[in-house]
Every structure is written in C-alpha cells, then in structure tokens.
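Chains as they are written, first to last, in our numbering: chain A, 72 to 587; chain B, 72 to 587.
Where hints are given, some of them may not hold.
Given that identical chains are not distinguished, each listed pair holds provided it fits within a single copy or across any two copies.
Said to hold, decoys possible - Computed cross-link-like contacts, SDA-like style, restricted to lysine to any residue with a CA-CA straight-line distance of at most 20 Å:
| no. | residue 1 | residue 2 |
| --- | --- | --- |
| 1 | Lys87 | Glu181 |
| 2 | Lys184 | Asn427 |
| 3 | Lys304 | Lys417 |
| 4 | Lys448 | Asn265 |
| 5 | Lys158 | Glu131 |
Treat the hints as calculated values from the structure; they're not laboratory data.
Chain by chain, the residues:
Protein chains: 2
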Amino acid sequence: MNRKIKNALISVSDKKDLKNILNVLRKYKINIISSGGTYRSVKKLGFKCKEVSEYTGFDEMLDGRVKTLHPKIHSGILFNRKKVTHKKQMMEKKFESIDLVIVNFYPFKESLKKTFNNKKIIENIDIGGPSMVRAAAKNCEDVVIITDKNDYLDFIKEIKKYKGKTSFNFREKLAAKAFSLTAFYDSMIAEWYNQKLQIKFPERKIFFGKKINQLRYGENPHQKSSIYLSDLKYEKSNLEQLSGKDLSYNNYNDIFAGLDILFSEKKLPCTVIIKHANPCGAASNKSSFKSFINAQCSDPVSAFGGVVACNYKITKKVALEMNRTFFEVILAKGFDKAALKILKKKKNMRVIDISNVEYRSDITTKIYDNSFLLQEKDQTIFDKKKLKFVTKTKPTKNEIRDMEFAFKICKYVKSNAIAIVKDNATIGIGAGQQNRLDSCRIAVQKARKFQPKKLYNSIAASDAFFPFADGLKTLISAGVKTVIQPGGSIRDKEVIDAANKANIKMIFTGVRHFNH
Amino acid sequence: MNRKIKNALISVSDKKDLKNILNVLRKYKINIISSGGTYRSVKKLGFKCKEVSEYTGFDEMLDGRVKTLHPKIHSGILFNRKKVTHKKQMMEKKFESIDLVIVNFYPFKESLKKTFNNKKIIENIDIGGPSMVRAAAKNCEDVVIITDKNDYLDFIKEIKKYKGKTSFNFREKLAAKAFSLTAFYDSMIAEWYNQKLQIKFPERKIFFGKKINQLRYGENPHQKSSIYLSDLKYEKSNLEQLSGKDLSYNNYNDIFAGLDILFSEKKLPCTVIIKHANPCGAASNKSSFKSFINAQCSDPVSAFGGVVACNYKITKKVALEMNRTFFEVILAKGFDKAALKILKKKKNMRVIDISNVEYRSDITTKIYDNSFLLQEKDQTIFDKKKLKFVTKTKPTKNEIRDMEFAFKICKYVKSNAIAIVKDNATIGIGAGQQNRLDSCRIAVQKARKFQPKKLYNSIAASDAFFPFADGLKTLISAGVKTVIQPGGSIRDKEVIDAANKANIKMIFTGVRHFNH
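All chains should be built: construct the whole structure from the sequences, respecting the hints.
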C-alpha cells in the first residue's frame with residue numbers, strides 16, 4: 072500500500088545533498104527528528120528540526136553512544152500500522168509513527184585508513200545506526216529506509232509522484248539495499264577482527280564486495296556480469312587503466328592469472344604472457360627487453376591477443392617491440408612517456424599501470440553453487456634444505472637457481488603442468504591435461520615447434536610426481552637434462568632409474584603444486 | 072584486563088544446556104535479566120531472574136517487537152567502565168552495568184523452511200537481538216558476548232579459571248564471532264530479499280558460508296583448507312557419502328566439475344569421468360552400462376583415479392565393471408543394494424549418493440585476492456532456430472541431435488576446448504590450450520590412441536570459433552565429418568571453404584562457450 076509520511080528521522084555522517092531532500096520534506100509537511108551534527112546541519116540550512124533527546128525526553132548519554140536506542144524511536148519505526156493493538160499501545164504511550172529513516176553509519180572503513188589505534192577503530196563501530204536501519208527495513212511494509220544519498224533523487228521522484236506517499240515496491244527495494252548494507256558493514260568488522268586475531272577459517276565466513284563496474288558481458292556474450300571489490304582499505308581497483316577499451320571478464324580473468332605469476336618474481340625483470348588463464352610464455356632476465364622477447368618466443372602463436380604482464384617499467388624499446396604484434400592487455404609497473412605514447416596508438420589495446428597493485432589476502436576461494444572451498448594460498452616454492460638429490464649426477468648451485476625458476480612457473484600452470492625452461496625462459500608449457508604424459512608431450516611439441524635448438528640441455532619442471540617413467544622419458548628424448556619434481560610416487564625408483572640411465576640430473580622438492 | 076560480571080542478560084531461542092551456565096552464574100552471584108520464553112525457562116529450572124520490563128521499568132510492547140531496545144539495557148552494555156564521565160552518568164540514572172550478554176536470534180533461516188508467507192518470514196527478522204549482540208561485541212573491552220551454546224563450556228572454564236572474571240583475549244574472540252554472526256544473519260536476509268526481487272548484481276554483494284568440514288589439506292598438502300556451505304535452506308551438503316575415505320579438496324573440485332556436466336543431461340543415462348577438473352570422458356546412452364563403458368574408453372589412462380559421475384542408479388553390472396579399475400570417487404543417483412556392497416569393498420573409494428543434489432544458484436563467482444567476478448551461469452547450449460547451416464551439405468535432424476551432445480560436453484571442457492564425439496560418447500577431448508590448433512591436435516591424438524576406428528565419420532565441437540582453417544583441417548584429416556562451432560571469425564569464409572572442399576557438414580550456433 073502507498074504510505075504517507077508523518078515523521079522522518081535523519082542521522083547522516085555524509086551531509087551532502089541534504090538540502091534537496093529537506094525541501095521536499097517541508098513541502099509535504101513532514102516533521103524532522105535529528106541529533107548531533109545532522110541536527111546542526113539541518114538548522115543551519117534553515118529547516119525546522121526536533122532534537123532526538125527532546126523527542127524522546129531522554130538525554131543523550133555516554134558521548135552519544137546511547138541516544139536513538141530508545142523505545143519511542145523504535146516503536147515509532149516498528150509498530151504495525153494496520154494492527155489495532157499496536158495502534159492502541161502507541162496512543163497510550165503518546166508515541167508517534169516514524170515513517171522515514173535516513174541514516175548513514177559511522178565510517179568504520181575510513182577509520183581503518185586513518186588510524187592503527189584499535190580503540191579508535193572500535194569507537195567507529197556504529198550501534199544505534201544499524202539498529203534503526205534494520206528496524207526500518209524490517210518494517211518496509213510501512214517505513215521508508217534510505218541509506219545512500221544516491222537514492223535521494225529517486226525518493227523525491229517517488230514522493231512527488233504519489234503526492235507525499237511512497238509505494239511498497241519502492242520501499243521494499245530500499246529495504247533489500249539496507250540489509251545488504253548492514254551485512255556489508257558487519258562483514259567488514261568481522262573481517263577486521265578475524266585478521267586481527269589471525270582466524271583464517273572462521274565458523275562463519277562472509278565475503279563482501281562493492282560493485283565497481285558492470286561488465287559488457289561475462290565469459291561469453293550471453294552471460295551478464297559485474298566486477299566487485301572486496302577490500303578493507305581501498306574503494307577502487309588498483310589497476311590503473313591508462314588507455315584502451317574497457318576491460319572484459321576474460322581480460323580480468325587473464326590479468327589475475329598473470330599477476331599471480333608476476334608477484335612470484337621479486338629479483339629480475341620478468342614478463343608473463345597469458346592466454347585463456349594459462350601462461351603461454353614467461354621469462355626473467357636482467358634486461359627487460361630480453362625478458363619480453365623470450366616470453367613471446369615461447370609460443371608466439373598463442374601469445375597473439377594475450378595479456379602481457381611486466382614487473383618493470385616499459386621503455387620505448389620494449390613498447391616498439393610490443394607494438395609489432397597485438398595484445399589485448401599490457402600490464403606494467405609504469406611506462407616511460409615515449410613508451411606510453413607508442414602503446415596508446417593501438418586503440419583496442421588496454422594499457423594498465425600495476426604499480427599500486429599488491430596482495431591483500433593469503434586465502435583463495437572457489438565457489439561452486441551453494442558451496443565454497445577456502446584454502447591458504449600456495450605461497451611456497453620449495454625449501455632448499457629439504458631438496459633431495461636423487462640421481463647420481465647432482466646439479467650445481469646455478470642449476471638449482473634455474474630449476475627454481477622452472478618450478479615456480481610450473482606452479483602457476485593449470486595441472487597437470489610441465490614447464491620446459493632454458494636460461495630463465497619457458498620454451499615449452501604443457502598445461503591442463505588429465506594425465507602427465509600428455510602434458511610432457513605438449514610441452515615438448517611446443518619447444519620443438521618454436522625453439523628446437525634450446526631443448527638441448529634444458530630444464531623441465533613437473534607440478535606433481537611422475538606416476539610412471541613414460542613422461543620423463545619423453546622429456547629426456549627431447550633433450551631435457553635436468554628435472555625438478557616433488558617426488559612421492561610409489562614408482563619413484565622406476566623414474567629415478569630412467570633418469571640415471573640417461574645420465575640426467577633430477578631433484579625432488581617434496582612440495583607439490585597442483586593448481587586447477 | 073580481566074573483568075568481573077555483575078549482571079547478565081539472557082535471551083535465547085535455543086534453550087538447550089542453559090542449566091549448566093545458570094549454575095555457574097549463581098555460583099559467582101551474577102544477577103540474571105531475561106524476558107519471555109527465556110525468563111520462563113530460567114524460572115522453571117529454579118533460578119532467580121528479573122524480567123526485562125521490571126528491570127527497565129518499561130512495559131514490553133508491540134508483541135515483543137520492542138523490549139530490550141531501551142537506554143537502560145544499552146547503556147548497561149555500552150558504557151566505558153574506565154571513563155569517569157560515563158560512570159557518573161550511569162550513577163545519576165541509577166543504571167547498572169550489564170557485563171554478560173547471551174543471545175540467539177529469531178530463527179530467520181528456519182522460517183524459510185516452514186513457510187512461504189513473506190510476512191511471517193519478515194516477522195522472524197530479529198531487531199532487538201542483533202542490537203544487543205553488536206553493542207556487547209563492540210564493548211568487548213568490558214563485556215562478554217555469547218551467541219552460541221557451544222561456547223558455554225569455554226565460558227564456564229574461563230570464569231572458573233579467573234574466579235568470576237574473564238580475560239580480554241577470551242572476550243575479543245567471542246566479539247569476532249559475534250560480528251561474524253550478525254554479518255551472516257543479515258547476509259541471509261539480504262540474499263532472501265535479492266532473490267525475491269530478482270536482483271542478481273546488487274551494489275553490495277555478500278557471500279555467507281558456514282564451515283561444514285575442515286579438510287585434511289587444500290589443493291596441496293602444505294595448504295590448510297575448509298569447505299563451507301552457503302545456503303538459505305540446507306544446513307549440510309547434499310552429497311551423501313555412503314562409503315570410503317573423507318573427501319579431499321581436489322575431490323570436491325572434481326566433483327563440482329562433474330556435477331556441472333551431469334546436470335546438463337536430462338534425458339539419457341550419462342556418465343562423466345573427471346580428472347584435474349576436466350572431463351576425460353563423457354557418454355550418454357540408453358544403457359547406463361554402455362554409457363559408463365563409453366565414457367571410460369574415451370581416455371582410460373586419464374580415467375584411472377578419476378571422479379565418476381552418473382545421473383542414474385548404479386546396478387550390480389555397472390558396479391562390477393567399475394571395480395575392475397580404481398576411481399577416487401563414484402557419484403550416482405542411488406545404488407542397488409548389491410552394487411553398493413561391491414563398491415564398498417574398495418575402502419579408499421568414496422561412494423556418494425547425489426540424489427538430493429540440485430542447483431541453488433544461477434550465478435557463478437570467481438574470487439581473486441580483493442576482487443571478484445560475478446556472472447550469470449552459462450545455462451544455454453544453442454537456440455535451434457538460430458542455427459546457421461553454412462556448408463553445402465547440411466546435417467540431418469539426427470545429426471543435429473548428436474552435434475548438440477558434442478557442443479554440450481565441449482561447453483564444460485576448459486577453454487580452448489575441442490570435443491570429438493561418436494554415438495553420444497566423447498572419443499577425444501582437447502582441453503585447456505592457449506590456442507585452438509593445439510586443442511584440435513590433442514583431441515585427435517587421444518582418439519587415435521584409444522579408439523582410432525571411431526574417428527571415421529565423427530563429430531567435432533569447438534567452444535569458440537576457429538580463427539584459422541588449420542585446426543579444422545587437422546580434424547578433417549583425422550576423419551571428422553561434422554563440425555559444430557559458434558562461428559564469428561573474420562576468417563569464417565576461409566574456414567567454410569575448407570569444410571566445403573572436404574565435403575563435410577558444419578553448423579554455426581552463434582553461441583560461444585568459453586569456460587576457464
């Protein structure tokens with residue numbers, strides 16, 4: 072039913088655009104109840120307003136901790152306008168109806184940016200505000216709840232349309248929004264506490280996200296999609312787009328896969344090229360130019376139209392080389408002025424500065440329908456002290472460093488994963504196969520196709536043990552001379568024997584890196 | 072600081088185990104304040120108790136909607152015990168401290184099971200409870216907040232240890248739990264409203280989950296992990312395990328991939344075998360036995376140790392066949408008694424009844440660090456009316472039906488995906504490659520290895536268009552005679568020409584099925 076508004080309670084920390092709504096309230100002779108800063112603002116803007124304490128007859132106390140938590144306020148919001156007993160009780164107490172509640176919460180999130188003082192942060196947990204918002208949203212049958220100044224305009228339209236009244240449909244939508252807000256607000260507080268107390272797997276886990284963009288579509292054109300940000304600190308993504316079309320769902324998906332690998336390289340300039348969420352090339356090198364060239368050479372066919380992620384500042388030289396082909400997205404830790412000018416020429420290519428991107432969470436989550444799997448991120452490569460040198464010939468220190476690179480890249484390839492590497496650059500990646508032998512074959516085929524000479528004396532990494540010797544033999548036949556793998560198969564002996572027979576070097580890490 | 076408790080406020084819908092805690096409160100001379108059903112229970116158990124209305128001097132009103140929303144209650148919880156001004160105000164008002172709050176909420180979720188009457192559901196949205204819980208949790212510096220009867224025992228230990236007091240560490244943990252609960256509670260309400268109003272991409276999206284199991288480990292042994300259930304209706308997973316070891320993270324991941332495919336086949340008995348989140352075999356057949364055999368023949372090497380998902384009841388004949396090799400998990404819509412007896416013999420094999428599993432959500436989500444991508448599920452295959460018959464030779468109705476099966480399976484293979492199919496059974500799957508040509512090659516290699524004869528006159532499906540004719544030519548050379556793909560490449564003409572030259576049949580669906 073359409074409802075008339077008699078009294079409005081306003082308590083907002085964000086006082087922008089208040090005047091617009093106050094004008095309309097005055098027009099429809101709606102009384103305003105308010106307190107503290109909002110009360111002063113309303114008066115200053117020249118509108119009539121009653122203090123909450125005057126309205127309830129109860130002095131605000133405890134530095135404002137208790138002011139609206141009063142039966143007169145909550146009865147006014149919560150009573151059922153259609154129930155005779157409710158109306159009678161309200162009359163007896165001389166309580167009036169409160170039909171519009173406009174409330175913002177204490178800025179909990181903002182307090183996290185301003186201070187590390189826990190007591191000050193906790194002081195910013197709003198108690199009275201959420202109580203009123205929840206009460207008003209529960210009773211949206213009769214009450215309007217506004218939690219966002221962006222809804223002022225819709226409210227003004229609505230009340231003008233219905234001459235001082237509002238429709239149930241309108242009130243219900245605002246109630247849904249209000250409960251999303253209270254859930255979101257408490258999720259942030261819970262997350263802050265869980266982080267503080269290092270609780271990674273709480274009994275009840277809540278993810279909260281604020282929509283930052285509606286995407287053109289999802290993984291495919293017939294799927295609608297949006298991207299959300301879930302952060303206790305930031306209000307927007309740290310991907311700073313400098314040029315090009317809007318990012319698509321698949322762009323984001325590839326970007327995320329690329330950043331994961333990029334963050335694992337902390338010493339050298341590194342380039343990673345992603346296609347369909349798998350790396351098709353990755354290379355580290357003292358020269359950023361060479362790292363790009365090497366990453367691209369790994370599989371130039373797949374690299375076309377891929378996402379390129381660079382942990383360095385892009386120079387003119389690199390930009391010129393990049394522009395010789397087409398990439399959907401270029402990610403880098405900054406761009407020289409001349410480089411940016413060159414890259415901006417391709418209007419379809421998205422150019423993104425990732426200087427401010429950093430990891431926020433040490434947990435990954437996979438959601439499937441009404442279940443989700445929570446796990447710690449795979450943040451280790453291997454422990455040098457626990458390496459097992461299982462073959463007769465042992466690798467040198469330098470070789471172990473190169474093997475570490477191979478194993479690290481392999482970790483980010485979808486399982487089953489094989490990465491063949493030469494000079495800190497992939498030359499063949501076997502991704503996403505249902506058995507290890509197939510991954511070995513694909514990795515070898517790629518290397519043979521694009522850089523066959525580099526196969527000689529190359530290094531291969533496997534994300535999990537070889538269940539049989541067949542996969543290893545495929546790698547050896549192609550020229551691989553050093554192998555890094557977790558070990559742990561019941562047929563490890565058979566695999567070690569094959570390695571020794573071919574006189575190659577193999578180490579076991581004891582650490583598996585499945586990634587699906 | 073350790074804190075003594077003077078007054079406790081108790082308001083619980085779950086009255087189990089109340090006696091244990093009441094005994095301890097009496098021992099330490101703690102006064103009890105309560106109302107309604109809790110008040111009656113406490114009295115009945117033979118303990119002293121003061122009614123909330125007697126305590127506040129304010130009669131409960133509006134059928135209990137307003138009783139604890141009173142300054143005397145909230146001041147008692149919220150005042151800062153160390154602040155002189157706060158203590159002075161409390162003295163002036165003759166308000167006392169409330170140092171322990173034990174509250175359960177109205178059972179909102181349970182009400183969803185009991186009724187479809189929205190008003191009754193909304194009546195079960197608790198307002199007073201969450202207000203007290205949030206106030207007590209905010210002030211955990213001084214107040215104990217218990218929201219779960221499973222914490223009674225810890226509380227009893229704590230208060231005995233500190234002789235009537237509690238430690239800050241203890242109170243803070245309970246506060247973290249309390250905010251998780253209020254966030255969870257409001258998330259459910261928000262989700263209920265969003266479903267009701269068909270809001271798929273709300274401004275603020277909140278996922279809530281209740282831990283149902285701590286897993287042995289995550290994707291790899293060095294990662295901790297747990298599985299959560301996020302459901303407005305159920306309290307536990309609908310996967311009913313009948314036998315075998317506990318499910319692992321990777322089991323769940325493969326199960327979810329398998330169910331997705333299985334749900335897409337509604338007519339015929341269908342078997343899907345999953346390994347590393349990709350199908351390595353899928354087959355539909357009037358005979359469930361044949362569907363299993365065909366699925367396994369597609370890639371018997373990869374199938375070993377996989378997850379088998381069946382949309383039918385498993386008979387003795389199928390069970391005997393299954394037991395000839397090893398699978399990690401068998402999922403089926405029921406098991407004959409004899410079949411179950413056979414399958415249970417393998418102690419390591421998890422046997423799971425999926426009869427009660429159903430889709431709950433039409434949204435999928437990918438979480439990456441502090442971002443997440445929300446999209447509608449890919450719930451279409453193609454629109455028969457929009458098929459384009461692009462080659463000179465056109466497929467028959469029966470062939471189109473077979474092509475639909477091929478395209479459907481292809482949809483669930485990780486992109487880039489190629490599925491080669493014969494008689495409603497995959498014979499070669501090319502998964503997860505960074506370019507389409509490689510996926511074509513892998514699919515052909517698999518078919519050649521295991522069932523080369525079936526390649527003749529087979530059907531191939533591609534999840535996205537062929538960017539060049541090379542991939543298609545690879546399929547044609549292997550014996551493929553019918554191809555289904557979305558179309559839409561700038562080189563479609565080149566691809567159609569190649570198809571016509573080889574005199575094969577090809578249709579364009581206009582629908583892409585990327586899946587990463």
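Hints versus structure:
no., hint, in the structure
1, Lys87 - Glu181, "within (17 Å within a copy, 41 Å between copies)"
2, Lys184 - Asn427, "within (16 Å within a copy, 47 Å between copies)"
3, Lys304 - Lys417, "neither (34 Å within a copy, 51 Å between copies)"
4, Lys448 - Asn265, "within (17 Å within a copy, 31 Å between copies)"
5, Lys158 - Glu131, "between (27 Å within a copy, 14 Å between copies)"
The structure fails to meet hint 3 from the earlier list, while all remaining hints are met.
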